[in-house]
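Following the hints, put chain B in place on chain A, whose structure we already have.
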Amino acid sequence: MKTQNHKAWFFVLPVLFLVAFNALIPMMTVVNYSVQETFGNNVFFWEGLRWFEDLLNSDRFHAALGRQFLFTGLILLIEVPLGVIIALSMPRKGPWVPVCLVLMALPMLIPWNVVGAMWNIFTLPDIGLLGYLMNTTLGIDYDMTQSPFAAWATIITMDVWHWTSLVVLLSYAGLVSIPDAYYQAAKIDGASPFKVFRYIQLPKMKQVLTIAILLRFMDSFNIYTEVFVLTGGGPGNSTTLLSIDLVKIALGQFDLGPAAAMSLIYFAITLLVSWLFYTLMTKDDAK
Amino acid sequence: MAKITLSKLRHSYMPNPTSADDYALKEIDLDWSDGGAYALLGPSGCGKSTLLNIISGLLIPSEGQVLFDGKDVTALPPDQRNIAQVFQFPVIYDTMTVFDNLAFPLRNRGVDETRVTARVSEIATMLEVTDLLRTKAAGLSPDNKQKISMGRGLVRDDVNVVMFDEPLTVIDPHLKWKLRSKLKELHQKVRATMIYVTHDQTEALTFADQVVVMQDGEVVQIGTPVELFERPAHTFVGHFIGSPGMNVLAAEMRDGGAFLGGHHVALEGTVTTSTGAPQIGIRPEFVKISDAGLPATVRKVSDVGRHSVVEAMVGDISVKAVTEGAVPEQGAAIHLKFQQDQTRLYRDGWLATEGAVS
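Chains as they are written, first to last, in my numbering: chain A, 1 to 287; chain B, 1 to 358.
Here chain B stands alone, though its shape is the one from the complex:
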């Protein structure tokens, strides 16, 4: 196990990248502490798999360094880095039994057979596949196959990091949930550093202690699930995490205050940046329908189960609000109240207000 440091990492798939757009990864500086459970969250094509392959050594970055416990491993091939990776589609060795599959990484490294047997049975118990050990791996169901590929990652006790590249993509929904909690449980047992790549916020938020949100080859925010939800550092994070995502509303700055459709909106704190296109960001959970506030017209009401999402128009700006209980009629004139300590200003997408001192 080790602490992983990414230093000034850049990667381009082109031989001679010129502009920033040629880079799949733009300048990444990150520290992953030993034994942490991390999620790498972002939409498809944001560079998260590239980053993962750089850490595992399947890709050599164009620039920058990868350090394991301070040791530069940038140029080392995957088998010398002591890492494990679980892929999107389960990779199993068809002709071997489940036991031999799990033993494969150990045997390749010349571990003696008694130790192999001990480790394999330990991992098999953890994954609850003990009674499958003697069967051929080819005939297994997809979720069991994926368990075996996870097992191959966990079987070596000296791994620096176990990486998961969207491992639940091919798993049935009802088993997804089971495997997800299994993973969390495994992390608590083995205490290895784990990095979980996904574009599914539920997977990321349930698995990880720290979530790294990426967009267009850049890290936009690192934080606990709660931090990401409550104080998105970038409108992208606000929008990407949460259902529905954060309201990002084009605003106007004048007289030292923010205005939305001509109405003054109180912000959480002092504005720190004075340039860039201003936007107000507030989660629908903190927009309340009340007697006073911004005048709005209800455009749509959707019942999503536990609560309803009301979409209302303030002028020509659409604002979503989450309400429980009675909902207004479509077309009704209402007033929206923004909870002040959750109302933030973003400039050019980045957070530009100081939080209220608590």
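Pulled out of the complex, with its shape left as it was, chain A reads as follows:
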């Protein structure tokens, strides 16, 4: 039998406490709210699974969930290939390496609400640089507060601007770890540039790319601040993503029960998709 050293548990304990206080206990409160109705004053009425049933049958939730998947899907489709392409075209040696890396890291250093505010001003039709250029100079009717299409184009562009760097930096880290001998061998074997990408670079980037996609999925699926500051969910409900809707229900309407049920379902979906994705991506390695 293997001897077990239980000392390790002792070292994990502080983390356990921390997680308990900032995640488990708040989460339990949410579970508590999700099955009750409250009108304040600490008075609660048992509702069972009613909020969950209501929510899963509500068109409003379906619409927000649909928008959320559309948003996440679109930014993943743009950011992942774009990030890989940028990483591939960055220099791997020489004085430009640090310059490129810093330039890439810059957008990620900006606080989320600042990003929202920046893009808000940037796109204002009368004084914003982009808004003015589009409307006055190019003559394209572009107003985020009027057109849902313009609003979507703006939030997508903003997210791509803000987060493609993450994919770039992670892919780049994977790329620089490939020894020169691989490229030399491929040259000697007569491999085309596409084959070099397909059989050397992509396999070596796969692990970091998995992490990048996972992070981008979770982050974009839970996105709140940037979109809220930029569009506030409008025009109409066109950019009301799940998190924005959730806050509207919880703090706007103060429906704590339905909001709690929604958070739990929201959480379950994020967890499920992440798990599915991770399992699929790492399936081959386990063999």
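If you're looking for bench data, these hints aren't it; they were derived computationally from the structure. Incorrect hints may have been included.
Unchecked claim - Pairwise CB distance ranges, derived in the manner of DEER restraints:
#, chain 1, residue 1, chain 2, residue 2, range
1, B, 170, A, 101, 27 to 33 Å
2, A, 108, B, 170, 33 to 39 Å
3, B, 29, A, 178, 41 to 47 Å
4, A, 103, B, 29, 46 to 52 Å
We treat Cβ as the ideally placed atom computed from N, Cα and C, and that holds for glycine.
Chain B only, in chain A's frame:
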């Protein structure tokens, strides 16, 4: 397959080399005949990998030409030279099976699939990896991975030369020996020109018919393992090859003879060069402890298994001798006898005596 000629080859990694020290390779003129097994031997940083990369086309030399069968290929990229190279660390395509790995160089050149299958199974049999063909290459052990990279080099039957860049570095010692004999065997089967780069003399001497010894970007000697051992053209070769290496002893030239610590030493033949710092070179295997000869004091005796290495001082010069059987005590006064036909004079490092006519 082809004869490879290197003509007046020089290479510097600097954009504007001025002195000789700026060159990683200093003027190399070499002929590698078709189907030979060559080893490129030298310490780390002597330019052997640079030379290899120039032959394979991964590097374009600063000066000089590379000719394959008389055709200038200096400016051709690696894939147009029909060469194969096996690297220090096994390079395999992780996502492919062993079969696809071996087939890769052929498929890239549009060889038809029946021919690919035939070649791959032939090579797999040679390397004894037939039962691995369907497995993914990523999970293989390092020695099998290295076998696959060798296989990728051998799979094309039209290769001009197969080059090995210290291919056994990451292999476990007991498998090293196996792979080494496998390589030798492969060379006899495929008869392609092979160049094997290493800093390990055992690897070089067991693999090659001809060994090229390099130092500081220069070729110091080319010869069979026996020639290198018996008649090193340069003190470096003497020192680098053999264990322990050749005794290189500062000598004094006067009255037409060589003197070591004041005692006359008979040389193998006529001295051909009259300038340069004189040194006597003799392998420890040819220094005998006897009743007469140079008087010496034993400083150290090391038992290295089959024989013992006796280190003795002639004045303040240390001489090593290999002896079998009884060894003298430390501190004992002995006499050393140099076998005359193996005692050579070197001047400024280069051999300066004529061999005894045999």
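Hint by hint, here is what the structure shows:
1. The hinted window of 27 to 33 Å between residue 170 (chain B) and residue 101 (chain A) holds, with their beta carbons roughly 31 Å apart.
2. Under the hint 33 to 39 Å, the C-beta atoms of residue 108 (chain A) and residue 170 (chain B), about 38 Å apart, fit the expected range.
3. The hinted window of 41 to 47 Å between residue 29 (chain B) and residue 178 (chain A) is violated, with their beta carbons roughly 36 Å apart.
4. For the hinted restraint 46 to 52 Å between residue 103 (chain A) and residue 29 (chain B), the CB-CB distance of approximately 49 Å keeps it satisfied.
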